[in-house]
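Visitor: Here are the chains, one letter per residue:
Protein chains: 4
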Amino acid sequence: MKLTKEQILEIKDQQSRTSQTKRVTAPELEKILYEAVPVLDHGFIRVIDYMGDDTSIVQSARVSYGKGTKKVSTDSGLIKYLMRHWHSTPFEMCEIKYHIKLPIFIARQWIRHRTANVNEYSARYSILDKEFYLPKNEHLAAQSKNNRQGRGEVLKGDQAKKVLNLLKQDAERTYKNYEDMLNERYDGSVVNENELGLARELARMNLTLNTYTQWYWKTDLLNLMNFLRLRADHHAQYEIRAYADVMLDTLKKWTPITYEAFMDYRVGGTEVSAKGKLIVQKLIKGEKVDMENSGLSKREWNELMLAFEMHEKLVQ
Amino acid sequence: MKLTKEQILEIKDQQSRTSQTKRVTAPELEKILYEAVPVLDHGFIRVIDYMGDDTSIVQSARVSYGKGTKKVSTDSGLIKYLMRHWHSTPFEMCEIKYHIKLPIFIARQWIRHRTANVNEYSARYSILDKEFYLPKNEHLAAQSKNNRQGRGEVLKGDQAKKVLNLLKQDAERTYKNYEDMLNERYDGSVVNENELGLARELARMNLTLNTYTQWYWKTDLLNLMNFLRLRADHHAQYEIRAYADVMLDTLKKWTPITYEAFMDYRVGGTEVSAKGKLIVQKLIKGEKVDMENSGLSKREWNELMLAFEMHEKLVQ
Amino acid sequence: MKLTKEQILEIKDQQSRTSQTKRVTAPELEKILYEAVPVLDHGFIRVIDYMGDDTSIVQSARVSYGKGTKKVSTDSGLIKYLMRHWHSTPFEMCEIKYHIKLPIFIARQWIRHRTANVNEYSARYSILDKEFYLPKNEHLAAQSKNNRQGRGEVLKGDQAKKVLNLLKQDAERTYKNYEDMLNERYDGSVVNENELGLARELARMNLTLNTYTQWYWKTDLLNLMNFLRLRADHHAQYEIRAYADVMLDTLKKWTPITYEAFMDYRVGGTEVSAKGKLIVQKLIKGEKVDMENSGLSKREWNELMLAFEMHEKLVQ
Amino acid sequence: MKLTKEQILEIKDQQSRTSQTKRVTAPELEKILYEAVPVLDHGFIRVIDYMGDDTSIVQSARVSYGKGTKKVSTDSGLIKYLMRHWHSTPFEMCEIKYHIKLPIFIARQWIRHRTANVNEYSARYSILDKEFYLPKNEHLAAQSKNNRQGRGEVLKGDQAKKVLNLLKQDAERTYKNYEDMLNERYDGSVVNENELGLARELARMNLTLNTYTQWYWKTDLLNLMNFLRLRADHHAQYEIRAYADVMLDTLKKWTPITYEAFMDYRVGGTEVSAKGKLIVQKLIKGEKVDMENSGLSKREWNELMLAFEMHEKLVQ
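Protein chains in written order, with our numbering: chain A, 9 to 324; chain B, 9 to 324; chain C, 9 to 324; chain D, 9 to 324.
Errors might be hidden in some of the hints.
[As the list claims (entries may be wrong)] Restraint-style ranges between C-beta atoms, simulated for each label pair:
no.: 1; chain 1: A; residue 1: Trp-94; chain 2: B; residue 2: Ile-40; range: 31 to 39 Å
no.: 2; chain 1: D; residue 1: Gly-276; chain 2: B; residue 2: Lys-164; range: 45 to 53 Å
no.: 3; chain 1: D; residue 1: Ser-152; chain 2: B; residue 2: Thr-82; range: 20 to 28 Å
no.: 4; chain 1: B; residue 1: Ile-40; chain 2: A; residue 2: Glu-268; range: 32 to 40 Å
Hints in this document: simulated from the structure, not taken from any laboratory.
Glycine included, every Cβ here is placed at the ideal spot set by N, Cα and C.
Taking the hints into account, I'd like the entire structure generated from these sequences.
Guide: Encoded structure:
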């Protein structure tokens, strides 16, 4: 990731300002405020603003439960309790705002999380940067054979080279033709003085989906965790996971107690169905169970066995 | 409004803390942060936290429109433009959190605005305060004769006294019986050592709707304005308007430019239908129009005449 | 529950109409459409309208996954898969609308689920019915000793009688005074020809929280299940659970396959934290674990043991 | 637009089924249910399902206002009143579901309306159709000179041809390379038996933004009108307006009374600011006003003059 001179100056300027505030602050997050953390080849994530911290969650839970809450002696105990029992509203009391640069095909996946506020760079209004995502060799994976939504082994030498070439050439050519249609280069120079430029809202349709876009994305802590739970998961596409991983780190700096509870109960945890519970009970009692008499489908059975690391019981 | 000693200390404590932050701050709002502004007889509004200010709106609009926006030379011009053209997302980039004490029947009206985060004091968990709303004499209005949803003239002496007495006695009696059923007074003392107390989640049903409750209420600037547009309006019930008026003042301290545009375009403005536009056009040209040939219903006609202060044209 | 003559006629009228439609229909739900299923002493739930059925979920999932989905051979297999992996959007494709009569204190709990559309009877506009909830003897429970949010044993004879009397008298007195302030009885007769009535929007504040209100409540299938998961749970207050139980039954008639998956994965299932997983793994291997060396708090430990029915391992 | 044989059969099959229902039906909408109405060169809109009609709005408003509403004698009068006074919840009681095929760059604009449910065809999972949007000659407009977000005159002969060629060639080449990377053609045939295919979730990034995608899109009537108000407006990009126009027609068939009120109050109406109201008042009185002493900016002044068709007063 290379920032423009303008961007570097803007970030320095933002970071150099300090004010006094009576609001709660998150000191670890303040340290990286405005900083552009690189993601993929040209993308970044910047925390631009935030509201609240772990104590805000505790404070609003105590408003809800009144004097009753005082029994839970520690903030950490209370936050764990709220997480375990799926209490949602106290976590909505914190808010965070990111500035994110990301490829369009990832933006399209991201935007499906609707409970967030978004301001995206408008290609109807302005010309998009000449930047597109090209995967590193180790991420050029083949289609998975047994999972329609996943990746298999990494492509080898020649084929990898061929794919990368195609991606690069197509992105460059379509971008050049985008400029030609606009009759304007990204630097503002005109291509042909005697011609009109195609409307920006039309010309943009020639760009490929790996072109980078950027947006401001603001959400509350509850919905951030819902996002991370899905997108930092190993089922998520690598390219969005790369962003989620950086965001997990900002979560840790922002609300460290909540982060810990989140990792324990949501990310590292598992769910067991009613039928699955019966099987686990039998296993604990040392009774014999196998897939055939379990009432589970093969898929369910394997998922349950994996959750509790009983690889020896997996069924082909 | 009387705060408990505990509350006063908590507010002082919150106000005495100051931290350094790199975030944008709203200096006028900082001055009243945590302060309990009285509303009605026992209610209050406190701003507890906020995120962003007028410049945050401008900043996110400029991300959306890219280099293109630079043409609009001033922040104020840009914010006015966004307001006039119903742009919504830039205003979602600011967030505010209130702590509010309010009568239950008003809380029920308020909660219909769903795009906000709420943590309410739980009467399932804790005992509600012995505080209920009793209107001042000048607010004891009769039912309006011609508007099913409005107030008419103020009740006179004896009848006003009678009404107030009924409200007061009923609230006090039901509260006392609430304590008796709980077998516990608000101060924690037990009523009868030999009896069990009714579950709190049940006993609360005996309270009247003017009992006070409290909550944390967090929303973004766009939805705050949607709320204020409806609730600071003269059609709104006086008791909720009293809260909206205080919040309008916090809006002014927080985002003064947005406040001004909001007052001009939303609060002070009006809407004119397609049919209404034709009539206004004729009026400007000096042509004669009357309700009969206007295509409007009597109600629509009168609303249009009132909007442009042509009282002489009102139709009975 | 007693319906008025008017209501009975309206329901009959609605049920007698039949039209032809090309939309998917849910035959079992059609059978009870518009019917008022009684809940508590005066409440009811009616299904008023619906859109989609189990096949709509399958259909939209197949649009998402394209030809790929055909591998999952059955609708039931696909719906189970979607439920297990927390896919949300296909379940949002079905919608249901209820007409519900319920006590105000329950309505206040209910409305916290914000992702629904609501039209409530307006006591600002019209006079509320003279109906209030009085619990049956077996539901008059004492406050739980060890759970601030729960119920303990049922109140005995005399105390139960006393509590019921208080609830009844207070509701009746406050309702009578409500009428007096309004200067109008519920049947429309005027109390005192020489007096004005207090505005309805004010008089309503004298009513107790067990007064019944009613509303139309519309939500999609995903959010209905989120509601039921919390409110049909044994931690929920009995009075809202009574409604949730009836709604579970409508879910079964509407989308029987989804209902079954919901009962297996959500209602009957459990979640296990990362730490909890390690303990279950040890238990399965027959290793010894106890609370002290588990890394869990006493509360967490007991919740885990209960989930897998190991009552003998509960810690006091 | 050409449908595949499969699609034509599916539509016929859906249209041939009829069931009995006790729900309200919208007969005019039933006539076009499932039908694929063509939009742009390869896109379409199909109404797939709906819930409620004009009477549902009236019914829920009457639940809200109780006996009070009976005064408004007609359904049409009530719906107009609700629209004029921005009542929102009754319009949320109707729901509609569309199946839409549209170019990706339009889908990206569309998805910004977050209050809808969406299931999009997944290019992570399946291969996208070989279909891309190419504008007709009359829509190949140049960038507007004075509106950064708009179109100016139409491109002439040679330049138009050049632009169309570029769009066509780039779309075809990137699609072909997409197939090559996948090592699979759209018809399922393998390109090279000895090679692996790139994961679908990666290969899709090579496609251009005019490639068609499809989704199920479900929303309530209120949010549909919010969408149409913005997207059927002349400020909207032509390509999304083409969809909005077809949807306006479905609105008319579904809820004709609401449609009429919507056209009168929202689409054909205008808003006037507080300052604007003073100017209109002066104009009606025959007083002289000009931009300089109006307190309006040039832009605001011109917008006001245009709204009331006073072209002679426009200021350059």
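Visitor: So, for every hint listed, does it hold in this structure?
Guide: We went through each hint and held it up to the structure:
no.	hint	verdict
1	A:Trp-94 with B:Ile-40: 31 to 39 Å	holds (35 Å)
2	D:Gly-276 with B:Lys-164: 45 to 53 Å	holds (47 Å)
3	D:Ser-152 with B:Thr-82: 20 to 28 Å	holds (23 Å)
4	B:Ile-40 with A:Glu-268: 32 to 40 Å	holds (35 Å)
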